[in-house]
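Enquirer: If you want the building blocks of each chain, they are given just below.
Number of protein chains: 6
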Amino acid sequence: MRNDNREVDSLREINMTVDFIKHPEGSVLIRVGDTKVICNASIEDKVPPFMRGQGKGWITAEYSMLPRATDRRNIRESSKGKVSGRTMEIQRLIGRALRSVVDLDKIGERTVWVDCDVIQADGGTRTASITGAFVAVVLAFGKMIDAKTMNKMPVTDFLAATSVGVLENGDEILDLNYQEDSQAQVDMNIVMTGSMEFVEIQGTGEEATFSYDQLQNMLKLATKGLQEIIEKQKNVLGELANRVGETKTVRSSGGK
Amino acid sequence: MRNDNREVDSLREINMTVDFIKHPEGSVLIRVGDTKVICNASIEDKVPPFMRGQGKGWITAEYSMLPRATDRRNIRESSKGKVSGRTMEIQRLIGRALRSVVDLDKIGERTVWVDCDVIQADGGTRTASITGAFVAVVLAFGKMIDAKTMNKMPVTDFLAATSVGVLENGDEILDLNYQEDSQAQVDMNIVMTGSMEFVEIQGTGEEATFSYDQLQNMLKLATKGLQEIIEKQKNVLGELANRVGETKTVRSSGGK
Amino acid sequence: MRNDNREVDSLREINMTVDFIKHPEGSVLIRVGDTKVICNASIEDKVPPFMRGQGKGWITAEYSMLPRATDRRNIRESSKGKVSGRTMEIQRLIGRALRSVVDLDKIGERTVWVDCDVIQADGGTRTASITGAFVAVVLAFGKMIDAKTMNKMPVTDFLAATSVGVLENGDEILDLNYQEDSQAQVDMNIVMTGSMEFVEIQGTGEEATFSYDQLQNMLKLATKGLQEIIEKQKNVLGELANRVGETKTVRSSGGK
Amino acid sequence: MRNDNREVDSLREINMTVDFIKHPEGSVLIRVGDTKVICNASIEDKVPPFMRGQGKGWITAEYSMLPRATDRRNIRESSKGKVSGRTMEIQRLIGRALRSVVDLDKIGERTVWVDCDVIQADGGTRTASITGAFVAVVLAFGKMIDAKTMNKMPVTDFLAATSVGVLENGDEILDLNYQEDSQAQVDMNIVMTGSMEFVEIQGTGEEATFSYDQLQNMLKLATKGLQEIIEKQKNVLGELANRVGETKTVRSSGGK
Amino acid sequence: MRNDNREVDSLREINMTVDFIKHPEGSVLIRVGDTKVICNASIEDKVPPFMRGQGKGWITAEYSMLPRATDRRNIRESSKGKVSGRTMEIQRLIGRALRSVVDLDKIGERTVWVDCDVIQADGGTRTASITGAFVAVVLAFGKMIDAKTMNKMPVTDFLAATSVGVLENGDEILDLNYQEDSQAQVDMNIVMTGSMEFVEIQGTGEEATFSYDQLQNMLKLATKGLQEIIEKQKNVLGELANRVGETKTVRSSGGK
Amino acid sequence: MRNDNREVDSLREINMTVDFIKHPEGSVLIRVGDTKVICNASIEDKVPPFMRGQGKGWITAEYSMLPRATDRRNIRESSKGKVSGRTMEIQRLIGRALRSVVDLDKIGERTVWVDCDVIQADGGTRTASITGAFVAVVLAFGKMIDAKTMNKMPVTDFLAATSVGVLENGDEILDLNYQEDSQAQVDMNIVMTGSMEFVEIQGTGEEATFSYDQLQNMLKLATKGLQEIIEKQKNVLGELANRVGETKTVRSSGGK
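Protein chains in written order, with my numbering: chain H, 2 to 257; chain A, 2 to 257; chain X, 2 to 257; chain W, 2 to 257; chain L, 2 to 257; chain C, 2 to 257.
What the hints contain is simulated information worked out from the structure, not anything from laboratory work. For clarity, every value in this text was computed on a predicted model and none was experimentally measured. Misleading hints may appear alongside valid ones.
It does not matter which identical chain is used: a pair holds within one copy or between any two.
Claimed, not checked - The calculated lysine to aspartate or glutamate pairs, modelled on EDC-like cross-linking and capped at a C-alpha distance of 20 Å, are: (1) K23 x E169; (2) K144 x D104; (3) K235 x E90; (4) K144 x D172; (5) K153 x E78; (6) K153 x D106; (7) K149 x E247; (8) K233 x D20; (9) K107 x E207; (10) K47 x D35; (11) K144 x D72; (12) K83 x D5; (13) K235 x E78; (14) K23 x D72; (15) K153 x E208; (16) K225 x E8; (17) K57 x E207; (18) K235 x D182; (19) K107 x E78; (20) K233 x E207.
The shape of chain H in the complex, shown without the other chains (with noise of 0.2 Å):
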C-alpha cells in the first residue's frame, strides 16, 4: 500500500476546470491530487524570427511556481534574474511533446504561447502541466474554428503524460506524489499519444540503475495510466473531441 492508500497502478484523483482564466483563447486548471497548474494557451498572429516566411506555425511554453506552490518558499526566477535549469528543462519538454501532435502546417503562421503555472505543487507538476496544456491548447484551437479563423482542428491525436518510478523497496508505481517522488530510486516521465505511441521518456536513475525488466514494468504501468487519463480529457473536451485527429497527417516513424 502506498502512502495516500493507492494500488501500485493507480492514478490520483484528476480534475480539470476549463475557461479557468477569461483572457486566454484556452485555459484550464488542471488538478491532480494536490498539485494544481492552470494551463493557459494564447495565439499570437506571428512567429519567432527563425521561421518567418515558412507559412508554418510554432509552440512554445513556458512553466513557472509561484513560489510558496512548495512546501518551503522558493526564491522567485524573476528576483533571481535567471531561469533555473530545472525550469528550462521542463519548458522545452512541454513545447516538444506539444508540437508532435499538432500539424504546424496547418496553423498558418502563429505563436501558440503556453503558459503552465504551477499554484500548487505536489508531485508531478510537468506531467501534469502536458496533460492540461494539450486541453488548453485544443480549446484554443476550437475557439479560432467557432471564430472562423480556423478551418479544421490541427490536433493529430491526444497528449497525456504520467509519472512512474520504481521506491526504495523495489516496486513500480504509477503517478508519484512528491513524498513517494523524493523517495524513488528512479524517476520516469512518460508522454503518449491516443494512440499509445511514446512521444517522450524520459528515466532518471538519481544515485540509482534500473534494469529492462523493471523498465518494461514501468511502460505497462504508464500506458494503464494514460489511458484513463485520456479518456478524462475526452470527457471535458465533450464535442470538441472529436475534432482531434480530423486532420490526422501520417507522422508517425513507424513503417517497417
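Following the hints, complete the assembly by docking chains A, X, W, L and C onto the known chain H.
Expert: Showing chains A, X, W, L and C alone in chain H's frame:
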C-alpha cells in the same frame, strides 16, 4: 452611469477565499470584480542581514502577474531576466503598507514574505493585493498563535486599499476597473487603516493635472469605499478579526 | 525650530546654474541646500518603437547618484548590473511629471531624455531633480526655437516639486533635509504646476499613519513652497519664462 | 547503408587520449567520429553549501562548445550572459549520470568538477561527453589513490552513453552523426553501466512519435553499442580499470 | 598649429578644485581643457575577502561618464545592466596606477575606493582621472593624518598621466583633445611618477602602426607634460605635498 | 639562468598546427611552451549594424579559457553571466591588433570573427593568441582566394606578439612563462608587424615602476623575439606567406 452600471461611489463585488493554497501559513484568493489575486503569506524564521540581532522582524512583498492575466500576453519577467519598474514600485508599496500596521518588535526575528500573484487582471491589482495580503498576514499570525509560537496578534489595525480617479468627463469615481483606469485622467491609490488614518496616498495625473477640490472629492470616495472593504475583511476573518489591535501601539504621527 | 534653524514653512536656499554642461541641449545644476543635481535634457530625433508613426513625442527620465553623493559610499548600479527599485520609482516619477506639462503632440517624433545625476545628496533629491529638470527641458526647447527647428514652446505650464512631512513631535514641515527625512514619520512628495494644480501626490507613512487634518496641513505647506520655487524658475529662465504656456492646451481634468 | 557507410548497428570510430591537458587531475580528449570533446575532472576539497557537514561528496558537470565547434559560428554563452536551456539540460544529465556510479560517501567532502568542452561537433556531443568524462573521473580518483589521499576507487561500475534513433525511412540506427541526427524522427540518448543497467533513457520524438516495438529495437542497439564502448574505456584505463567496482555498493533499484 | 591653437608640446589648461563634494574623504573636480571629472576618494575600514588577514590595504577605482558628458547621449551602463569593456579597462588602469605609488602595507586593512565620474568629456578622460584621483587620495590620507587615524602619508611619490599621439600628418603631439584623438593614428597614454619613472605605457595604433623613432618622440613629449602636471598637483596640495614620499619604500624595479 | 633554463633573450618552443578544427575557415592550434590556444577564424557575410553600407569589413575577437586551463579551476564566465574585465581587455587588444594589418576596405562587407580559446595556460596567453590568430586569419582569407570569393590577400603585413618583463632581481627577460609572470615587477606586451613597426605597447608596473633604460632594454628583447616568431609564421603558412603584403597600403603613421 459607469461602463459596468455602477454608481460613481460603488465598489465592485469583493470576495475572499481563505486557505486557497495549502502550503503557506496564510493564503487568500481575493476577487475584486474580475481581478483575481492569490495572496500568500509565508513566515521564515530569520531576518535579512541588515536587521540581524535587533530582535525585531521584517515584512517584505513580491508581486507578479501571470503572462496571460491580461488581455494581451505579457513577457514573463523571469524570461526578461529583470523585474520591471512597475513591479518594483508595487511590491515596495505593498510591503510598506503592511509594515505600517504590524508591530515588527512583536514578531521576533522573523520575515513575513507576502506573495501577491495576479492570475486575472481587470484594474486595481495593486490595491486588491494589499487588501488580500492583509488578510493572509493575519491568518498566518493566527496560525502561529494557535501553534503557541506567538502570544498575541502583532497586527495593530486593519488595512485595506482601493483606487479612486477622475474620468475624462470630470467625474470622480471609486474603484476603477481596467477600462476606466485606461481612460482616467487621474488615478489615485489610497491605503487606509481601520481607524481611517492614511498610510499611503499616490495620486498621479498622467498627462493631466487635478485641483484641490477634486483631491478632496476623491479622498471622500476612498474613505467610504475602504470602510466597506474593511467590513468584508472582518467577516472573512471571523473570530480572528477581534485579535487585530490587541497589541495596539500608539504610532500615529498625530498629536498636536 | 528645525535642525538647520529654519521655520517649519521655510525652504532651503535654492540655486540654479544654467548651461552647466556644454554638450546637452539643456543643462542645469540645481542646488537645494546641500543637495546638488546635474539635470541634462537631450533631444533625440526619434521616438521609442511603441510610439512610432503617431506624430507625437516622448519624454523619459533617468536618475542616478554618484556613489559618494551620500555619507556612506553606495555600490554603483552599473556594477550591480541592475537598477534598484528606488531608482526606477524616481525616474518614472520624473518622466510622468514632465509629461504632464509638455504637449507631446507639439514636439514631433522626438524623445527628450532627461538625466538627473545627483552629485551630492542631502534629502529631497527627487524633488530637486524635477524642479531642475523642468528648467533644463525649457532651455532645450528654447534652443530648438532659436535654431528654428521648433515654432512654439510646447511647455504648457511651470512645474516644480518639493517635499513635506511630519516629524516625530507631530510638526508638519516643508522641504525636509536628510536628517529630517530619516526621522520623519510621514514623507510626502508633491508636484504642482504654475497654476497650482496637482500633478503628483505621494504620501507615505513608513511604519506610521497620518490623519486627514495632517494631510491638509501638509498640502498647505507644499503649496506655499512651490509658489516660491516656481518664482525662482522664472527668474532663472528670464525671457524664456514668458514662452511657457504659449501653446497651453486645456488638459486639466477639472470642469464639473 | 548510412551516409558514412556504416551498418545500422555500427559505432563510429572512438578514440580517447588521456592526460590531454596537464593541470586537471583527470583529462581526456575523446573523439567519436568527428566529434571531439575535452573532458577534464578537477577535485576540489570542499562541497557546495547545501551539502556541508554530511561527510559526503558531490559531482557536478559543465558543458560548453567552442563557438566554431559547429558548421556555423554560435554566439558564446558568456557574451549572451546566460547559459541556454540546452546547455543546462546537458550538464544536468552528465552530472546525474556520473553520480549514479560514484559512491559519494566514499569521496569525503570533496567536489568533482567535470568540464566537457566540445572543440569540434558532429553529433552525439552529450553522449561522448559522458563516456569521456567517466574516464577522466576515474583518472582523477586514480591520481588521488596514487597520492594516498584516497584508499579505494569510489567508482562502483563503468558508465557510458550513446545515441540511437529512427530515420525517416523507419530504420533504427546506432550512434547518430550530425547529418543523421538532424533528419531523425526520433532521437534517444541512453546511459548504461558496465552491468548493463540503465541510468538514463531520454527518448524524444520531435514532431513525431514512436511505437513500443521501435523502442525495443532501439534499446537493443544501444545495449550492443554500449558494450563495445565500455570495452574501449577498459583498454584506455589499463590497470586502473580493475579498480572500478572495488567498493561496489548495492544500489540497483531492483530486487523484487 | 593644432585645432585649438596649441603647440605640439603644449598642455591644455589644467585646474583642480579640492573638496568639491562634501561627503568623501578626498574630493577633487579636475578640469583639463573642456574635460571635467569629479574624483572622489572614500576610505572603507575593511578589505576585499581575498586580502583579509594580511594586514595590508587595497585601492580600487571605478570610472563612469554621465550619459550626456559627450556630444551624443550614451546609454547608461546601469540601464544596459553591464559595464562596457572600455570602462573596465579604464578602471583597472586607474586602480593599478594608484597602487604603484601607495604603500599598501602602511594603510592597514582598509580599502580606498576611488570614483572618477566624468561630467563633461573632451578627450583624455582616463588620464585626467588618474591625475585628479591622485590628488583626491592624498587629500583623503591627509584627513586621516589630521584625525590621527594614520601616522604618515603612505604615498611614496607623485603620480600623473597624460596622452600623446601621432596625427595623420605625422606630427607627434601632447595632450590630445577629443577632435585630435578621433583623428589620431596612434594614441598613447602614459602614467609616470614624480621621479619620472614609468608606471604604465599604453600605446595603440588603431588601423595603423608606429616606428621606434616616433615612440621616442612621444615619450619625450609625455615626460615634459607630466613634469608640468605634477607641478600643478603640488600647488593644489600645498603643505600636504611635502608629505608625499615621507614613507618612500624602494620598489623601483631597477638596480642592475 | 631562468626557471626553465632559458637565456634572458630566449623564446619558449613555438609550434603551430594548421587546420586543427575542421569547420572554421581558418584554424590553428598554437603552442608556446606549455601554453596552448585554439585560434579559429570565421568569415561571416555581414558587418555589425554601425558599419553597414560602407563597403568595408570588420574584424572582432573573442578570448576565453577553459575552466581548467590553469592550475586552479576558474569559474566559467557563462556561469557567472558576465565577461570579466581582463577578458574584455584581451579581446579588444586582439581585435585591434589584427585590424592594424588587414585592409578592411578590401574584404567587403564581411566580419572576421576570431576565437581564441586557451585550453592550457602557462603565461603569455594573450600574445600567443595574437600570433596564432594572425595565422588563422591568413588561412581563412587564403581559403576565400582559393574559392575565388576574394582576389587578393587583404593582409598588409605580418603580425605577432610576445611579452617582456623585469624580474625582481632587475633582469629584463623575453617571453615570460606563468611562474615568471607572477613574480615579475614589470610586464609588457608588445605587438609588432613584419616590418618591425609597433602596433601596441602595453607596459605595466604592478606596484612597481620602471625606468627609461629598462624600457629600452625590453623593447630590444621584444624586437629580437618577434623577428623569430614571424619567421615561424612564414614557415607554417608556406606558399600563402608570400601573399601577405600583396595589397600593402601605406598606413604607417610615420613620414615626417
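Enquirer: Would you mind marking each hint as holding or not holding in the structure?
Expert: Going down the list of hints, with the structure as the test:
no.	hint	result
1	K23 x E169	neither (44 Å within a copy, 28 Å between copies)
2	K144 x D104	within (17 Å within a copy, 43 Å between copies)
3	K235 x E90	neither (28 Å within a copy, 33 Å between copies)
4	K144 x D172	neither (44 Å within a copy, 38 Å between copies)
5	K153 x E78	neither (38 Å within a copy, 35 Å between copies)
6	K153 x D106	within (12 Å within a copy, 47 Å between copies)
7	K149 x E247	within (16 Å within a copy, 53 Å between copies)
8	K233 x D20	within (16 Å within a copy, 27 Å between copies)
9	K107 x E207	between (40 Å within a copy, 17 Å between copies)
10	K47 x D35	neither (36 Å within a copy, 28 Å between copies)
11	K144 x D72	between (37 Å within a copy, 16 Å between copies)
12	K83 x D5	neither (36 Å within a copy, 40 Å between copies)
13	K235 x E78	neither (35 Å within a copy, 34 Å between copies)
14	K23 x D72	between (29 Å within a copy, 9 Å between copies)
15	K153 x E208	between (47 Å within a copy, 19 Å between copies)
16	K225 x E8	within (13 Å within a copy, 36 Å between copies)
17	K57 x E207	between (39 Å within a copy, 16 Å between copies)
18	K235 x D182	neither (28 Å within a copy, 35 Å between copies)
19	K107 x E78	neither (35 Å within a copy, 31 Å between copies)
20	K233 x E207	neither (32 Å within a copy, 25 Å between copies)
Comparing the model with each numbered hint stated earlier shows that hints 1, 3, 4, 5, 10, 12, 13, 18, 19 and 20 do not hold.
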